[in-house]
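Chemist: What follows is each chain in one-letter form.
2 protein chains.
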Amino acid sequence: MQNALQKAIGQRIRKLRLEQGLSQEELAARCKCHRTYVGMVERAEKSISVAALSKFAKALKTTMSSMLEGL
Amino acid sequence: MQNALQKAIGQRIRKLRLEQGLSQEELAARCKCHRTYVGMVERAEKSISVAALSKFAKALKTTMSSMLEGL
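Protein chains in written order, with this note's numbering: chain P, 1 to 71; chain E, 72 to 142.
Hints may be right or wrong, so weigh each one.
In silico contact screen, one side only, chain P against chain E (beta carbon under 8 Å); selected entries [said to hold, decoys possible]: (1) 22; (2) 49; (3) 53.
Derived from the structure by calculation, the hints contain no laboratory data.
Quick reminder that beta carbons are idealized off the backbone N, C-alpha and C, glycines included.
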C-alpha cells in the first residue's frame with residue numbers, strides 16, 4: 001500500500017520532469033538535492049517527506065496538492 | 072520555510088481532528104501510530120512523510136491533495 005503510494009509519486013515526478021525536458025541532474029540542482037536521490041525517489045526506492053515533496057513541486061512548477069491528486 | 076510547511080500541516084490535522092470530535096488518542100488509533108506522534112505532528116515538532124500523511128488523510132476521511140491545498 002505504502003509502496004504503491006511511493007511508486008505513484010515517483011512516476012508522477014518522473015513524468016513531470018520528462019515533460020519539462022529536465023534531466024535528473026537538472027531537477028536535482030533545482031531541488032538542491034543529489035541526482036541519485038532523484039533517481040531513488042522516481043524508482044520508489046526511497047520514502048519521501050512532505051518537505052521534500054514540496055521542493056519537487058516547486059522545482060517542477062506545480063503544487064503538492066496537484067501532484068497528489070487522486071492518491 | 073520547511074518549518075512553516077510543517078506548522079501549516081500540523082494545524083490542518085488538528086483542525087480536522089477537532090471538527091470530527093476526535094481526541095489525539097482516537098486519531099492515533101485510526102492511524103495505528105502513537106498518541107505522542109499525533110501531538111508532535113500537530114505541534115510541528117516532527118517532519119512528516121507522505122506515507123504518514125496518507126494515513127492521517129484516510130483516518131480523517133479526506134485526501135492528501137485536499138489537506139495540502141494551497142500549501
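Chemist: With reference to the structure, classify each hint as holding or not holding.
Modeler: Hint check results:
1. 22: At 21 Å from the nearest chain E Cβ, residue 22 of chain P fails the 8 Å test, so the hint is violated.
2. 49: Holds, about 5 Å.
3. 53: 6 Å, holds
Against the hints set out earlier in the document, a violation occurs for number 1 only.
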